[in-house]
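Trainee: The chain contents come next:
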Amino acid sequence: MNTQIEISDKPLDIQSCIDWVMSPQSGGIDVFIGTVRDATKDKAVIRLEFEAYKPMALKEMNRIAKQVFAKWTVQKLLIHHRTGVLQVGEVPVIIAVSCAHRDAAFEACRYVIDTLKQTVPIWKKEIFEDGEVWVAAHP
Amino acid sequence: MNTQIEISDKPLDIQSCIDWVMSPQSGGIDVFIGTVRDATKDKAVIRLEFEAYKPMALKEMNRIAKQVFAKWTVQKLLIHHRTGVLQVGEVPVIIAVSCAHRDAAFEACRYVIDTLKQTVPIWKKEIFEDGEVWVAAHP
Amino acid sequence: MKINVLAFGIAKDIFGGSSINVELPEQGTTGNLKQSLESSYPLLKQLASYMVAVNNEYAQDENILSERDEVAIIPPVSGG
Amino acid sequence: MKINVLAFGIAKDIFGGSSINVELPEQGTTGNLKQSLESSYPLLKQLASYMVAVNNEYAQDENILSERDEVAIIPPVSGG
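Protein chains in written order, with the working numbering: chain B, 1 to 139; chain U, 140 to 278; chain D, 279 to 358; chain V, 359 to 438.
Note that these hints are calculated values from the structure, not bench results.
Note that beta-carbon positions come from the ideal geometry of N, C-alpha and C, so glycine has one too.
Possibly wrong hints are sitting among the right ones.
Stated by the list, open to error - In silico PhoX-like cross-links for lysine-lysine, where the CA-CA straight-line distance does not exceed 25 angstroms:
id	chain 1	residue 1	chain 2	residue 2
1	U	LYS264	V	LYS370
2	B	LYS66	B	LYS117
3	B	LYS125	D	LYS290
4	B	LYS117	D	LYS312
5	U	LYS264	B	LYS41
6	V	LYS370	U	LYS198
7	U	LYS149	V	LYS392
8	U	LYS210	U	LYS149
What the hints assert, rightly or not - Take a look, some chain B residues computed to stay more than 12 angstroms from chain D by CB distance:
id	residue
9	MET22
10	ALA39
11	ILE46
12	ARG47
13	GLU107
14	GLU129
Just chain B, same shape as in the assembly:
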């Protein structure tokens, strides 16, 4: 299981993430890059703040990685998540998966981001002109 899983308060480096997953045994790489959108439900977003329960978040990400290597034939899997204050256009998350065949890369990458959003203890606060809200906290 060849993985690189990190949580950092520094800007994420897309090129070096992609360089890391590349391998001569890979025919395809799928990369998901989350970006901070300028609006949510038509309301302008000023910035986002991300907070992680870091040891547990890393443990959950490793659990997801194990599931991925059990389900698909994957060469390398990278998950980088950023914390702290992010401006519009900045990158909170990069997931990169290299595989011999592209179907596995697409499916595994999507599985990682979908599952991460459900189980990994990281929280996002949206800051608007007139207030702020922890995303998904209330029904």
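Go by the hints and put chains U, D and V onto chain B.
Mentor: Leaving out everything else, chains U, D and V in the frame of chain B:
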């Protein structure tokens, strides 16, 4: 329809492709990167050679782009394909799709690579130690 | 026994800090902890949901706590 | 009429060059062109499949050709 579609015999630049698709209206970007694998059906590959019928290939890629913008809500779509001689690990194709929501980005990106491989007039020759073969030419 | 409870996201706002101490009887469970917290901090009940993590794993209500456990309140996650 | 036919990929190997000229009767179709090519270059029939493109579009067998058309033989594609 915001697209950047190119065929080039120069090495593709992943970072500048991703920079181009980013936008403040996007929440997610999916990127597919094809890479030259060191083996096909357990036979060692020395290098690949790509040839394009360039005017028609660009026309077909634009047709695919039109289908994508009709099917999904997409901010920007980039397709770069390389031609000429590529060594193991080099990148023949980059597809990048930015969308407000990630489901559309994943689905559109996969649709583009799947359709490109079926309809766009580009050909790949695999060069082995002891010979060469145009991929998919024969049953 | 005294359980130190870590708080993240909106739970930090509800508790007014990044951790609080909760007094529980010996052999108290995560279920008992949730009852105690909900009675002291009724805003917890307005969350879409919340979980308790013990030693970096999601824990069931039946799980018996000890003072050595690392306990955290996990409001609905929203990473990515 | 004389149709200039572009060749790519393995078709270039089969024709021994990147284009050839084919003599067709006036009002000849892409179907007629394929028959003529297959009789001169029987290796074409061993391909998994091949298409004819006219003016950068895939063409049907019924399509009537003219000397001004850009015509190309498209063996099975394998880009990406």
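Trainee: Are the hints correct? Go through all of them and say.
Mentor: Evaluation of the provided hints:
Distance hint between LYS264 (chain U) and LYS370 (chain V) is fulfilled; the C-alpha atoms sit about 12 angstroms from each other, no more than 25 angstroms. Proximity of LYS66 (chain B) to LYS117 (chain B) is assessed by CA-CA distance (about 17 angstroms); at most 25 angstroms being required, the pair is judged to hold. For the proposed pair LYS125 (chain B) and LYS290 (chain D), the alpha carbon gap of about 12 angstroms is at most 25 angstroms, so the pair holds. Restraint check for LYS117 (chain B) and LYS312 (chain D): the C-alpha separation of about 24 angstroms stays at or below 25 angstroms, so the hint holds.
Between the alpha carbons of LYS264 (chain U) and LYS41 (chain B) the distance comes to roughly 49 angstroms, so the proposed pair goes past 25 angstroms and is violated. For the proposed pair LYS370 (chain V) and LYS198 (chain U), the alpha carbon gap of about 22 angstroms is at most 25 angstroms, so the pair holds. The hinted pair formed by LYS149 (chain U) and LYS392 (chain V) fails the criterion: a straight-line CA distance of about 35 angstroms is larger than 25 angstroms. A hinted pair counts as satisfied when its Cα atoms are at most 25 angstroms apart, and LYS210 (chain U) with LYS149 (chain U) does not qualify at roughly 31 angstroms.
At roughly 23 angstroms, the least C-beta separation between MET22 (chain B) and chain D is larger than 12 angstroms, which holds for a residue marked as non-interface. For ALA39 (chain B), the shortest C-beta to C-beta distance to chain D comes to about 17 angstroms, beyond the 12 angstroms cut-off, and the non-interface label holds. Remark: the non-interface label on ILE46 (chain B) is consistent with the geometry, its nearest Cβ contact in chain D lying 17 angstroms away (cut-off 12 angstroms). With a least CB separation of 15 angstroms from chain D, ARG47 (chain B) remains clear of the 12 angstroms interface cut-off, as annotated.
Distance check for GLU107 (chain B) against chain D: the nearest CB is about 17 angstroms away, which clears 12 angstroms, and the non-interface claim stands. Non-interface call for GLU129 (chain B) relative to chain D: holds, since the shortest CB-CB distance, roughly 20 angstroms, exceeds 12 angstroms.
Going through the hint list in order, the structure does not satisfy hints 5, 7 and 8.
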